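Those sequence lines, one after another, are chains G and C. The numbering of the first sequence is the numbering used here, which starts it at 1 and goes up by one. The numbering of the second sequence is the numbering used here, which starts it at 1 and goes up by one.
It should be emphasised that the hints constitute simulated quantities derived from the structure, not laboratory data. Treat the hints loosely; a few may be bogus.
[Unchecked claim] Which bits of chain C does chain G cover? Going by a derived footprint, with three or more residues having C-beta under 8 Å, they are:
1) 93-103
2) 114-122
3) 128-137
4) 153-162
5) 272-284
[Stated by the list, open to error] From the derived model, a few chain C residues whose C-beta atoms are all more than 12 Å from chain G:
6) 28
7) 30
8) 42
9) 56
10) 79
11) 87
12) 176
13) 186
14) 204
15) 231
16) 246
17) 258
18) 294
19) 302
20) 304
21) 306
[As the list claims (entries may be wrong)] Label pairs and their computed distance ranges (CB to CB):
22) 214(G) <-> 22(C): 38 to 44 Å
23) 214(C) <-> 301(G): 35 to 41 Å
24) 130(C) <-> 22(G): 29 to 35 Å
25) 118(C) <-> 301(G): 34 to 40 Å
26) 315(G) <-> 186(C): 50 to 56 Å
27) 309(G) <-> 186(C): 37 to 43 Å
28) 130(C) <-> 301(G): 24 to 30 Å
29) 314(G) <-> 121(C): 34 to 40 Å
30) 214(G) <-> 118(C): 29 to 35 Å
31) 314(C) <-> 306(G): 50 to 56 Å
32) 257(C) <-> 231(G): 35 to 41 Å
Note that this is a predicted model, so its numbers are computed, not measured. Glycine included, every Cβ here is placed at the ideal spot set by N, Cα and C.
The chain contents come next:
Protein chains: 2
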Amino acid sequence: MSEPTLLVLDTAPSPRLGRLTGRARIRYTDGAGLAARLPEADVLLVWDFASDAVRAAWPGEGPRPAWVHTASAGVDRLLCPELIASDTVLTNARGIFERPVAEYVTALMLAFAKDLPGTLDLQQRRQWRHRESGTLANSRAVVVGAGPIGREIARLLMPLGVKVALVGRTARRTVHGPEDLDRLAALADWVICAAPLTEATRGLFDARFFGLMQPSARFVNVGRGPVVVEEDLADALRKRWIAGAALDVFEQEPLGPTSPLWDVPDLIVSPHMSGDTVGWRDRLGEQFVAMYELWLAGSPLPNVVDKRRGYAPFPGPGE
Amino acid sequence: MSEPTLLVLDTAPSPRLGRLTGRARIRYTDGAGLAARLPEADVLLVWDFASDAVRAAWPGEGPRPAWVHTASAGVDRLLCPELIASDTVLTNARGIFERPVAEYVTALMLAFAKDLPGTLDLQQRRQWRHRESGTLANSRAVVVGAGPIGREIARLLMPLGVKVALVGRTARRTVHGPEDLDRLAALADWVICAAPLTEATRGLFDARFFGLMQPSARFVNVGRGPVVVEEDLADALRKRWIAGAALDVFEQEPLGPTSPLWDVPDLIVSPHMSGDTVGWRDRLGEQFVAMYELWLAGSPLPNVVDKRRGYAPFPGPGE
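Work out the full structure: start from the sequences and follow the hints.
If you want it as structure tokens, here you go:
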């Protein structure tokens with residue numbers, strides 16, 4: 001049997017792919033070259049997950065790969081009607097980002113509770129100003145997004161004494177449905193967004209939503225930028241409808257130097273880094289290699305995305 | 001029976017003391033007036049725990065209170081040979097500060113791991129610069145001080161996947177003795193000081209100690225300032241012997257505006273606030289009121305300090 005062709009969207013993926021030598025004909029392409037090379041690919045590895053190239057190239061002419069894997073948790077940048085309607089299997093990088101993102105969210109919440117930004121600012125001005133701080137213990141968090149990342153956030157927060165409510169697409173045993181979100185958010189000290197970008201979540205966090213949060217509450221987004229109406233969040237912070245917010249994801253990434261978000265009061269802006277801990281590219285490479293070996297052997301793949309819903313259901317089929 | 005005289009060192013303690021109306025003749029004094037009023041006191045409540053007035057006034061003439069309570073965990077500022085040798089019972093505020101301090105330490109560790117200071121600095125400069133961050137999961141921490149605060153730090157860190165070694169004054173079942181400190185510190189990603197200030201801990205963290213830590217490791221002090229040789233720590237940071245440090249306590253408090261510590265690289269300076277969460281003064285007042293009621297009833301007091309060791313042993317007698 002001849003080697004399958006593995007097309008990689010990006011120029012410099014993890015060295016771990018070298019392990020596939022002799023089992024894959026590996027070809028690299030940038031976004032501009034994707035449309036021309038897509039027909040020859042048996043498998044497409046979307047290493048540059050911030051690119052819109054797949055959504056742009058997919059509707060073109062010719063055969064399409066049987067399997068597409070993205071080195072990310074979210075799949076919103078890939079999906080187009082033609083990919084959704086096709087027989088192509090789409091998988092994501094579930095298992096890599098959960099713990100890092102959960103630690104990052106915990107870091108932000110503790111930084112807010114202890115006013116670390118205020119401490120660092122006072123330090124720069126050489127001012128000793130004792131303040132009373134808040135606690136995570138006995139506070140209430142609503143985590144929107146009940147997939148593996150949302151669940152891991154809950155798992156880290158609960159031993160810290162945070163009372164966590166998970167909100168997902170549909171109510172189930174330990175998960176609230178969207179119909180409970182307003183009621184829960186109105187009582188919460190923290191609203192954490194770890195939701196995928198879908199038509200159900202786009203623009204979910206808007207002026208109406210921030211208006212029903214408590215003035216002492218804080219909002220954190222580690223999901224996808226367009227889930228938040230950024231202007232509404234900036235307004236809510238300026239008017240002190242809520243006490244603080246942190247955004248790690250944005251409508252436009254990277255955030256340009258002229259964005260008004262950089263200096264909104266009580267807003268922490270970070271460069272989409274919550275899941276990216278030292279060694280993450282190697283772990284993504286290792287994960288793909290293991291999945292490729294399953295695929296070669298004809299075994300079922302894990303992390304299969306429900307293309308119509310726009311995320312990998314958890315638990316997946318047979319898990 | 002006439003009311004006992006309760007002398008309070010400070011001018012504005014918790015309103016909760018009002019509950020003792022009719023059961024205590026409450027008198028207030030500042031540090032300057034303490035020596036003159038000490039002989040009339042049955043009980044001394046050290047509300048201004050940052051004052052050295054007790055140590056200064058105690059050796060004077062006249063009777064001394066049977067019981068001294070301090071609204072703090074550490075007792076180093078009170079102890080003098082005459083108080084140690086006396087029959088006076090000394091108690092501390094064990095139970096109030098453990099969880100807040102443990103949350104604060106966790107906040108600092110996560111802020112270092114995720115480079116939150118770097119993120120806030122880049123935000124001020126409107127720069128989007130993605131970085132890979134560290135994790136708490138599977139890192140190693142040595143917590144020096146195996147009292148209630150050190151144990152609570154360990155209790156919060158362990159569910160985050162941190163491997164914690166506790167070091168106390170003497171080796172016991174789950175605690176290492178001081179003889180293990182160097183070996184543990186050389187392998188650690190984090191060294192956390194939650195130790196009382198005693199003759200055994202004064203100057204414990206010096207150039208020799210920082211020299212044996214890993215260059216990637218960080219040091220946090222939430223115990224007492226003089227446990228650290230501040231110049232040596234500043235030097236170790238400037239020479240990159242270690243990757244970062246946070247001090248919440250100092251040899252001199254408040255830290256003056258001319259202190260060189262404010263701008264040591266990779267050092268976070270905070271104003272002795274780790275244990276002071278909203279409502280802490282009320283909780284300290286409630287704790288004292290409950291203890292005063294035990295004392296009035298002739299019941300044994302909790303939180304009794306071993307004056308010769310310089311801290312309240314945990315667990316205490318009969319606990």
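Status of the hints after comparison with the structure:
1. 93-103: holds (count 3)
2. 114-122: Contact hint for the stretch 114-122 of chain C vs chain G: holds, 6 residues under 8 Å.
3. 128-137: Our answer is that it holds, as 10 residues pass the Cβ test (under 8 Å) against chain G, meeting three.
4. 153-162: holds (count 4)
5. 272-284: holds (count 7)
6. 28: For residue 28(C), whose nearest Cβ neighbour in chain G is about 21 Å away, the distance exceeds 12 Å, so it holds.
7. 30: holds (19 Å)
8. 42: Given a closest Cβ separation of 31 Å, the condition holds.
9. 56: Check passes; 23 Å lies beyond 12 Å.
10. 79: holds (24 Å)
11. 87: holds (35 Å)
12. 176: Holds, because the least Cβ-Cβ distance between residue 176(C) and chain G comes to about 24 Å, which exceeds 12 Å.
13. 186: holds (21 Å)
14. 204: The claim holds: residue 204(C) sits with its nearest Cβ about 24 Å from chain G, beyond 12 Å.
15. 231: Holds, because the least Cβ-Cβ distance between residue 231(C) and chain G comes to about 18 Å, which exceeds 12 Å.
16. 246: violated (9 Å)
17. 258: Answer for residue 258(C): violated, closest chain G Cβ roughly 8 Å.
18. 294: The claim stands: residue 294(C) keeps its Cβ more than 12 Å from every Cβ of chain G (closest is about 26 Å).
19. 302: About 22 Å separates residue 302(C) from the closest Cβ of chain G, which puts it past 12 Å; holds.
20. 304: For residue 304(C), whose nearest Cβ neighbour in chain G is about 27 Å away, the distance exceeds 12 Å, so it holds.
21. 306: holds (29 Å)
22. 214(G) <-> 22(C): 38 to 44 Å: holds (40 Å)
23. 214(C) <-> 301(G): 35 to 41 Å: holds (40 Å)
24. 130(C) <-> 22(G): 29 to 35 Å: holds (34 Å)
25. 118(C) <-> 301(G): 34 to 40 Å: Holds, at about 38 Å.
26. 315(G) <-> 186(C): 50 to 56 Å: The hinted range 50 to 56 Å is violated for residue 315(G) and residue 186(C), with Cβ atoms some 43 Å apart.
27. 309(G) <-> 186(C): 37 to 43 Å: Violated - the Cβ-Cβ distance for residue 309(G) and residue 186(C), about 50 Å, lies outside 37 to 43 Å.
28. 130(C) <-> 301(G): 24 to 30 Å: holds (29 Å)
29. 314(G) <-> 121(C): 34 to 40 Å: Given a distance of about 36 Å, which is inside 34 to 40 Å, the answer is holds.
30. 214(G) <-> 118(C): 29 to 35 Å: With Cβ atoms ~30 Å apart, the hint holds.
31. 314(C) <-> 306(G): 50 to 56 Å: holds (53 Å)
32. 257(C) <-> 231(G): 35 to 41 Å: Since residue 257(C) and residue 231(G) have Cβ atoms about 40 Å apart, the given range 35 to 41 Å holds.
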